[in-house]
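2 protein chains.
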Amino acid sequence: MSLTNATPLDVARAARSGSRKLAILPTEARNAALTAIHSALSEAKDQILTANALDLEAANKAAKSGKLSQSLVKRLDLGKKGKYEDMLQGILDVRELDDPIGVVNKRTLLDDGLILERKTSPIGVLLIIFEARPEVIANIASLAIKSGNAAILKGGKESTESFKAISSVISKALESTSVPHDCLQLVQTHDVIGELLKLDQYIDLVIPRGGNRLVRTVKDSTAIPVLGHADGLCCIYLRDDCPVEMAVRVIVDAKTSYSAACNAVETLLVDENALKTVLPTVAEALLAKGVSLRCDSASKTALSAVLDKHSAVQLQDATEADFATEFLDLILAIKTIPNSATPEDAVDAAISHINDHSSHHTDAILTLSEPLASRFQDGVDSSSVYWNTSTRMADGQRYGFGTEVGISTNKIHSRGPVGLEGLTIYRWLIRGQGQVSTDYGAGGKKWKHESLQVGDSERVAVTDEELELLREFRARKAGAMNGVGK
Amino acid sequence: MSLTNATPLDVARAARSGSRKLAILPTEARNAALTAIHSALSEAKDQILTANALDLEAANKAAKSGKLSQSLVKRLDLGKKGKYEDMLQGILDVRELDDPIGVVNKRTLLDDGLILERKTSPIGVLLIIFEARPEVIANIASLAIKSGNAAILKGGKESTESFKAISSVISKALESTSVPHDCLQLVQTHDVIGELLKLDQYIDLVIPRGGNRLVRTVKDSTAIPVLGHADGLCCIYLRDDCPVEMAVRVIVDAKTSYSAACNAVETLLVDENALKTVLPTVAEALLAKGVSLRCDSASKTALSAVLDKHSAVQLQDATEADFATEFLDLILAIKTIPNSATPEDAVDAAISHINDHSSHHTDAILTLSEPLASRFQDGVDSSSVYWNTSTRMADGQRYGFGTEVGISTNKIHSRGPVGLEGLTIYRWLIRGQGQVSTDYGAGGKKWKHESLQVGDSERVAVTDEELELLREFRARKAGAMNGVGK
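In order, the protein sequences belong to chains L and Z.
For the first sequence, full-length UniProt numbering gives the first residue as 1, with consecutive numbering after it.
For the second sequence, full-length UniProt numbering gives the first residue as 1, with consecutive numbering after it.
By construction, these hints were calculated from the structure, which means they are not laboratory data.
Keep in mind the model is a prediction, meaning the values are calculated, not measured.
Do not rely on the hints blindly, as some may be mistaken.
Treat identical chains as interchangeable: a pair holds within one or across any two.
To be verified - 20 Å max Cα-Cα, derived SDA-like pairs, lysine to any residue:
#1 Lys448 with Leu97
#2 Lys83 with Arg95
#3 Lys106 with Thr217
#4 Lys21 with Ser374
#5 Lys198 with Ser221
#6 Lys21 with His181
#7 Lys81 with Lys446
#8 Lys21 with Ser171
#9 Lys21 with Ala223
#10 Lys477 with Val244
Chain L extracted, bound-state conformation (with noise of 0.2 Å):
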């Protein structure tokens, strides 16, 4: 890693020839290079938390002048319990993770002694651009080199000490590796951002972490394909079926366990049902973390005449503009989905009102109703939909993926928490013999096309008496009965 006052060109350029190395280097180089950023960095905590409370104390200063938001503030914060060891266990967790590259994942016999493969590789070169979260670039590094990628980095002035103190400890662990000094670039100016961004003959992706702001200007402002991780304007539909103990677990934990993140529920969908049964428990663990409710009329009216006078008079009016608002905060916005002729109309408005408002990024219903919430996972186009679990699993260390790069709300490529696999892409391979496209076609041979078994090449399809013979040689085996390992 390079702390850099080369041009942006000669960035781009150093990058992408560095990516060429790192593309064909082992899993075990890239391995041991994780390894050597994990200790270093293991090693280097009190150092890096020395600096990043300088950021810290900076960014308080601002939030109190108004110059900065409260969940900017929290964003930053490296301190916060376990994060800086879920940054470590993210390094370990991603080197323990499957190579994701070289891996043939379709094998097609075109013909006779021509063999078609697709085979998973690197994109090649990054360019990161992160706001807040000074620990993303641990994320980033490790995710980078895992994958093969090399990476521009460029951080946000909010972080800059904690930024720097990182990235010099991650630069002084690769040092003994052997992934190239060029394939993490760190930038520091902000000048040069714009530049990068013309520079898609050397930069294949472009990675904004930060609000929605950031991510349309840089979608603004390049060619380069863009992995838009904007924040979340994520929903929760409540159907009046939900038990309440449930709905309270869910929903307080959606909204307040980390509210400035991009997977907190911002809207609340309520049954008409709902609103004198389920409802009013939520309301009031709510009211009790400290969450303001913007209520449309019907929710405010019915919890208005079963809450207690006191938290009665906390609820407030909500306007249009809050159902398409991202709080980032300790604000919910409660909207009533009124009776229908079925429970299915209810479902259909619902989703409707979720594919027009929310951002795309994590849904959920909470119901009993198996076909309701069917229903609902089907017809919602958002990158996660869940029935009966919180928003904020929506995360690459929660879906297994080591860590994440971000969350992507984009419709291509990679959708939701993007970990490896988001960052990888695939060559199409030929083994021939000399064969031509002109043998095939009109009048000449006729193509194949056989699927061919790729990887765990033990596997075989078996029928069910065979697999009967299976069972009870195992259990010959075994000296007991025991069932076919899959």
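Go by the hints and put chain Z onto chain L.
Okay, now just chain Z, sitting in the frame of chain L:
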């Protein structure tokens, strides 16, 4: 399909709304629409070829006065032998493919009663802009419908008559199906494109099918992701151990079978050792086919010495620009790869030239050496990399995709020939029982992250011993020795 005078905003909104209905139509309904389109286009062949003849006539006139390239005229011709039938067959091939939508391709047990699934879904709304090639409209319509995507289509002015004829046939055919009318929208005036490219809230993907200039213009003027179907600067690297007959067959096919195609070879890299052994016969065959050879000095000197006088005088001198040019015509640039200390060094020099000069579309090596071919296939960063076959193999139909929307030289989402799979994405679904994020992590429950099987439920992993058992069982059953079918 509608020929419309609506505003771009109306068009995009209607497509978005139609796409949501199309996305949840069952497989059979989408297949029935393809059957209807196929029948209608079969019946209307004469009518469509008559319209195409009008376009061809105008194009030929423009070509004669130098306003249009001959290669564009070739692309326009629907009457070219087998082209109309290929178009029709492509629709049926697409219909017969497995439904790409609604497939669970990843399933993870996050925790007991908490299951994560990744399920394929349509992208949403596609905007496809194409220059010539009127058959593209049928390809796109069938791929879009099969993959559950709405499509807005804009044809080039050169193919206006063909385009109008085909779209009116498709439009009528769809009336009898359940595919919503708004899912295929046709725009004819060029001035709406600029407006459509601004509507990234309604349009999810732009696919420009045409030359580099079109792709460049689109990329520079939209925040919508662009699936770049650029032309191809394809290279073949000829090693000295390649049998002459194979070299001739492959290179002649790659250059002459359809020189206006993006997968035609434009640069031939030749080992110094092959200049006087393999190259002369290749050069004679190419010259006999009317190909102009633009040679670097080493290859020109070598060829001049061995070719007959008539052939030798036809050799031209290559400039540096020739190695960065897509001729799309019967022209081939020839460059010598000098002898090196090791064959690996020579292969690396070829890889280097290709990574710097090719358009990352399709490149090939001709050699009998497996290790050198492997090195080449690992090192070349192109969407398709071949060993001993023609670059013309890069094609959706040849790859077994039925048909294609184009060949992507992008580094994300989809690379190489793009068929159905490139038009799909996925959503992450979780089924839970009220679990919340704060249940897990430091001090809480541990994630299980257990990979569950998807599909192929009869496939079981077996040991070598069990494999032997199955073999014997099958042999006994068949009354003869058979291999274990996979």
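Now the hints, each set against the structure:
When the C-alpha separation of lysine 448 and leucine 97 is checked against a cutoff of 20 Å, the pair qualifies only between copies, where the shortest distance is 15 Å, while the shortest distance within a copy is 35 Å. Taking the closest pair of Cα atoms, lysine 83 and arginine 95 come within 20 Å of each other only inside a single copy of the chain (19 Å); across copies the shortest separation is 50 Å, beyond that limit. Taking CA atoms no more than 20 Å apart as the test, lysine 106 paired with threonine 217 passes in neither setting, with 38 Å inside one copy and 34 Å between copies. Only between protomers do lysine 21 and serine 374 lie at most 20 Å apart by alpha-carbon distance; the minimum there is 16 Å, versus 47 Å within a single protomer.
In this homomeric assembly, lysine 198 and serine 221 come within 20 Å of each other (Cα to Cα) both inside a single copy, at 8 Å, and across copies, at 13 Å. For the homomeric pair lysine 21 and histidine 181, the shortest alpha-carbon distance inside one copy (10 Å) is at most 20 Å, but the shortest distance between copies (51 Å) is not. Taking identical chains as interchangeable, the C-alpha atoms of lysine 81 and lysine 446 lie at most 20 Å apart only when they sit on different chains, with a minimum of 17 Å there against 64 Å within one chain. Proximity of lysine 21 to serine 171 under the C-alpha cut-off of 20 Å is restricted to the intra-copy arrangement: shortest distance 18 Å within a copy versus 52 Å between copies.
Taking the shortest Cα distances, lysine 21 and alanine 223 never come within 20 Å of each other, neither inside one copy (25 Å) nor across copies (31 Å). Taking the shortest alpha-carbon separations for lysine 477 and valine 244, neither the intra-copy value of 49 Å nor the inter-copy value of 58 Å comes in at or below 20 Å.
The structure is inconsistent with the numbered hints 3, 9 and 10, although it conforms to all the rest.
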